Amino acid sequence: MTCNMTQRLISAYVDRELSEDERARVRQHLALCAECMVVYEATIEVKTALGSMAPSPCPECLWEGVRSRIAALPFQAEPERTRLGPLRAVWSFARLVVPAAVAGTIVAIPLVHMIFGISLFGPAGTRQQPISSSTPPRLVISAPASGESGVARYSMTRGVASGQTASMSSSSGLFGLDTTARHSDRGDEYSSSPDEQLNLLLRRMQDSSVTYTWIGGSTHE
Amino acid sequence: MVNQQALATTAQHLSKDAEFESLVLRYQNSVYNIALRMSGNPDEAQDLAQEAFVRAYRSFDSYRRGTSFDKWLYRIVTNLYIDEVRKRRRKPYVESLDEPITMSGGNEVDREIADLSHSPEMVYDREHLDICIQSALAELPPEFRMAVILCDIEGFSYEEIAQIMGTSIGTVRSRIHRGRRGLRERIAPCFPARSGEVRPT
Chain A
1 MTCNMTQRLI SAYVDRELSE DERARVRQHL ALCAECMVVY EATIEVKTAL
51 GSMAPSPCPE CLWEGVRSRI AALPFQAEPE RTRLGPLRAV WSFARLVVPA
101 AVAGTIVAIP LVHMIFGISL FGPAGTRQQP ISSSTPPRLV ISAPASGESG
151 VARYSMTRGV ASGQTASMSS SSGLFGLDTT ARHSDRGDEY SSSPDEQLNL
201 LLRRMQDSSV TYTWIGGSTH E
Chain B
1 MVNQQALATT AQHLSKDAEF ESLVLRYQNS VYNIALRMSG NPDEAQDLAQ
51 EAFVRAYRSF DSYRRGTSFD KWLYRIVTNL YIDEVRKRRR KPYVESLDEP
101 ITMSGGNEVD REIADLSHSP EMVYDREHLD ICIQSALAEL PPEFRMAVIL
151 CDIEGFSYEE IAQIMGTSIG TVRSRIHRGR RGLRERIAPC FPARSGEVRP
201 T
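In order, the protein sequence lines correspond to chains A and B. As numbered in our numbering, residues 1 to 221 make up the first sequence, in order. As numbered in our numbering, residues 1 to 201 make up the second sequence, in order.
Hints may be right or wrong, so weigh each one.
To be verified - Quick list of simulated restraints, FRET-style, between CB atoms:
no., chain 1, residue 1, chain 2, residue 2, range
1, B, Ser68, A, Ser52, 23 to 29 Å
2, A, Gln28, B, Gly166, 32 to 38 Å
3, A, Gln28, B, Pro189, 30 to 36 Å
4, A, Ala72, B, Gly66, 26 to 32 Å
5, A, Ala24, B, Val54, 45 to 51 Å
To be verified - Covered stretches of chain B, going by a simulated chain A footprint (3 or more residues, C-beta under 8 Å):
no., region
6, 27-38
7, 174-180
Said to hold, decoys possible - Derived coverage of chain A by chain B (criterion: at least 3 residues anywhere in the stretch with Cβ under 8 Å from a Cβ of chain B; other residues may be distant):
no., region
8, 40-50
9, 54-64
Source of the hints: derived by calculation from the structure; they are not laboratory data. Fair warning: this is a prediction, and the values are worked out from it, not measured in the lab. Beta carbons are placed, not taken as given, at the ideal position from N, Cα and C, and that holds for glycine.
Construct all of the structure, not just a fragment, from the sequences and the given hints.
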C-alpha cells in the first residue's frame with residue numbers, strides 16, 4: 001500500500017470505519033512508515049481537539065423564540081384540507097369555478113341577447129351566491145371557573161352557513177404529553193384540567209382570522 | 001361533520017405542540033451546538049437553530065414517530081445551513097485577538113496575547129484552543145465541516161452521517177478525510193509542540 005492510499009484511509013482507520021482487510025493493511029503500513037505515522041498522530045490530534053471543544057449551552061431564549069414563531073404561524077388549515085378529501089375538493093373547485101361561471105354568464109347573456117335576440121332571463125332571475133370564504137371561523141368556548149374541575153367545551157363555526165357547528169368537550173391531558181382520546185358519538189372527548197387547556201388553546205387561536213366568544217365560565221387570559 | 005373533523009385536527013395540533021415542545025427542549029442544546037460550530041457566530045447559530053426548529057415543526061406531520069428524531073432534525077439543520085446560509089456568504093464570527101477590550105466603565109484594556117508558538121502551557125488554554133479550532137473549521141467547505149462536526153463533536157458513525165447528510169458512506173468517508181486533512185494543517189499552529197511537524201500531504 002502506498003503512502004497516498006494509506007493517508008486516504010487514515011481518518012476512517014482512526015474512526016474504526018474500515019473493513020478488517022483495509023484495517024490490517026493500514027496498520028501494516030503505519031508500522032513501517034514514519035511519515036504516515038505523523039499524519040496518523042496528527043489526525044488523532046484533530047479528532048481529539050474537536051471532541052474536547054467546550055460545548056456551548058444554547059441561549060435560554062432559544063425555545064421562546066421558536067415558540068413565538070410557531071404561534072405566529074397561521075392556524076393550520078392544511079391538515080383539514082387533506083382530511084376532508086372529497087368535500088373539500090368539491091368546495092375548492094366550486095369556489096374557483098362558480099364566480100368565474102357567474103362572470104362568464106353575466107358577459108354572455110347580453111351578447112346572446114344582442115346577437116341572437118334571445119332573452120335568457122327567466123322571470124325570477126335569482127342566483128344563489130356562494131358562501132363567502134372570507135368569513136372568519138368563530139370559536140365559542142365555555143369553561144368552568146378558574147381552578148375548578150369540570151368540562152370545557154368549545155365549538156367552531158366556519159362560514160356563514162348555519163348548522164355547520166361541531167363541539168368537542170375536553171376534560172385531562174388533552175394538551176399535555178399524555179394525551180388519551182376517547183371517541184364518542186358527539187365527537188372526540190378528552191379528559192383534562194380546563195384551565196391549562198384553554199390557555200393553550202387560546203394561545204393557538206391568536207390568529208387574527210379567528211374570533212372567539214365566551215358563552216360561559218370564567219375569563220381566562 | 002366537516003367542522004367536527006376540523007376540531008379533531010385542532011386537538012391533534014395541540015397535542016402535537018406538546019410533543020414537539022418536549023423534543024425541542026431535549027435537542028436544543030445539541031442543535032445549537034452544531035449550528036454554532038457550523039456558523040462560528042452565536043447570533044447566527046441561534047437564528048439557524050430556531051429556523052431549523054420552525055421548519056421541523058412545519059413538517060412534523062411527515063416525521064414518522066419511532067424513527068430517530070435527532071437524525072431527522074440534524075438533517076434539517078444540515079440542509080438549512082448548506083443550502084441557505086452558504087448562499088448568504090456571511091463572514092464567520094472571529095473574535096479579534098488584538099483589539100482592546102472595552103470594560104464596563106468605558107476604559108479600554110489591552111489584551112495580553114501570548115505567542116502560542118513559544119508558550120507550551122497555552123496549549124492547554126481551552127478557550128484559545130477552541131477559538132483556534134473554530135477559525136480552522138470556518139475555512140472548510142460546509143459539507144466537509146458538517147461531516148467532521150457530526151463525526152467528532154456529535155459522535156455519529158459514518159452510516160448515520162450518511163443518513164443525515166443524504167449521501168453515501170463513501171462520500172462521508174471522503175468528506176471526513178478531506179475535512180480533517182484541512183484541519184490538520186490549520187490546527188497545527190494551535191499546538192506549538194507539534195507545529196511544523198506535519199507536512200501537507
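Against the structure, test the hints numbered earlier, and report the numbers of the ones violated in rising order. Of the numbered hints given earlier, the structure breaks none, since each of them holds.
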